[in-house]
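Please work from the sequences and hints to get the whole structure.
Listed below are the residues making up each chain.
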Amino acid sequence: MSVIASPPGMTLVADHAHDHDPAASALSGFWLFMMSDLVIFGLMFATYVTMLTPMSFAGGPGPKDLFDLPGAAMETAALLTSTFTFGMATLAIKYDLGVRRVMFWMVVTLALGLVFLGFEIHEFAHMFAVGAVPQRSGFLSAFFGLVPLHGAHVTAGSIWLVLMLIQIGRTGLTDIAKSRIARLALFWHFLDLIWVGIFSVVYLGGLA
Amino acid sequence: MSPQKQQSRADAYRHDLRGYQMGFALAAILTIVPFALVAAGTLSMMAALWTIGVLGLVQICVHVRFFLHVDLSPEKREELYLMIFSGSLLAVMIAGMLWILFNMYTRMM
Chain A
1 MSVIASPPGM TLVADHAHDH DPAASALSGF WLFMMSDLVI FGLMFATYVT MLTPMSFAGG
61 PGPKDLFDLP GAAMETAALL TSTFTFGMAT LAIKYDLGVR RVMFWMVVTL ALGLVFLGFE
121 IHEFAHMFAV GAVPQRSGFL SAFFGLVPLH GAHVTAGSIW LVLMLIQIGR TGLTDIAKSR
181 IARLALFWHF LDLIWVGIFS VVYLGGLA
Chain B
209 MSPQKQQSRA DAYRHDLRGY QMGFALAAIL TIVPFALVAA GTLSMMAALW TIGVLGLVQI
269 CVHVRFFLHV DLSPEKREEL YLMIFSGSLL AVMIAGMLWI LFNMYTRMM
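Each protein sequence line maps, in turn, to chains A and B.
Just so you know, my numbering puts 77 at position 77 of the first sequence, and the rest follows in order with no gaps.
Position in the second sequence (from 1) plus 208 gives the number in my numbering.
FYI, nobody ran anything at the bench for these hints, they're computed from the structure.
Check before you lean on any hint, since a few could be wrong.
As the list claims (entries may be wrong) - Chain B residues, not near chain A, derived (Cβ > 12 Å throughout):
#1 210
#2 211
#3 212
#4 281
As the list claims (entries may be wrong) - Listed next, the in silico DSSO-like pairs over lysine-lysine satisfying Cα-Cα at most 30 Å (straight line):
#5 A:178 - B:213
#6 B:213 - A:94
#7 A:94 - B:284
#8 B:213 - B:284
#9 B:284 - A:178
#10 A:94 - A:178
From the three backbone atoms N, C-alpha and C, an ideal C-beta is built for every residue, glycine too.
This is the structure in structure tokens:
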């Protein structure tokens, strides 16, 4: 690759290793996306915390009236285990343990992701049933801005998992499939990291 | 593949596997402890919030190290700097937002 073709700032570094490895540069690009996503989540967290005052409850239900600890614990267990099972899929790819083993761990991860989404939808349905809808108070608007945003990410990750399962089922573990699964793995681990913030701030903080 | 090469590959696999297992075990402990504390409800509210906050930050570091594989090694420097930069930006935005809004809140009381 010629020096002209790379961005001006980058030419100061005499290391062109990344230029020759599309998988590595795609992964770096995905890191940039994740960090900008992190900023969105961070500001949603900040908004949520400013809405934890009695004034923002507007006479409506607060955290102690709405959240239950066992439900949050089940969601956390499902997502944390799924991040570990995705790790197993990554290892199966890295050490060529066969496409069947990779698909097995990806299916387990997908199943745990769906269990998580099931608990979350159940929780939201319960909240709607008792009148805790987003337009009820500032607190509830902030809650429904933050937690379902994470749920939407998990939904997107699950769809991505299904697509990758179809792809490696049809064409096997090609380089492009491996590179896509590597980014999906980052995305999935990142979502579990965000969930650590959610269960700490929203559920445990709200019930403490 | 030569036997030695196969052996070192098996060792590398075990090493990587142990990394994920260790991360999972640490993350599980760091999750169970704050849940148990809140379920027991013995700590005062401030003490409980501080414990949850500190354990949460430690757990985030565990996830970054064992699942996202970002550590202090030179190969991971780019990701590490990117994370520290994004984290610093976020800290300024969040701290500033909370400062201003809670200041307004106390003025309205």
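Hints, one by one, checked against the model:
1. At roughly 16 Å from the closest C-beta of chain A, the C-beta of residue 210 (chain B) stays outside 12 Å, upholding its exclusion from the interface.
2. Residue 211 (chain B), annotated as away from the interface, keeps every beta carbon of chain A farther than 12 Å; the closest lies near 17 Å.
3. The beta carbon of residue 212 (chain B) is kept farther than 12 Å from every beta carbon of chain A, the shortest such distance being approximately 17 Å.
4. With a least CB separation of 15 Å from chain A, residue 281 (chain B) remains clear of the 12 Å interface cut-off, as annotated.
5. Restraint check: the Cα-Cα separation between residue 178 (chain A) and residue 213 (chain B) comes to about 23 Å, which is no more than 30 Å; the hinted pair holds.
6. Distance hint between residue 213 (chain B) and residue 94 (chain A) is fulfilled; the C-alpha atoms sit about 15 Å from each other, no more than 30 Å.
7. Between residue 94 (chain A) and residue 284 (chain B) the CA atoms are separated by roughly 18 Å; this keeps the pair inside 30 Å, and the hint holds.
8. Of the pairs offered as hints, the one joining residue 213 (chain B) and residue 284 (chain B) holds, with about 26 Å between alpha carbons and a cut-off of 30 Å not exceeded.
9. Straight-line distance between C-alpha atoms of residue 284 (chain B) and residue 178 (chain A) comes to about 20 Å, which keeps the hinted pair within the 30 Å bound.
10. With a CA separation close to 9 Å, the supplied pair residue 94 (chain A) and residue 178 (chain A) stays within the 30 Å bound.
Checked against the numbered hints given earlier, the structure satisfies every one of them.
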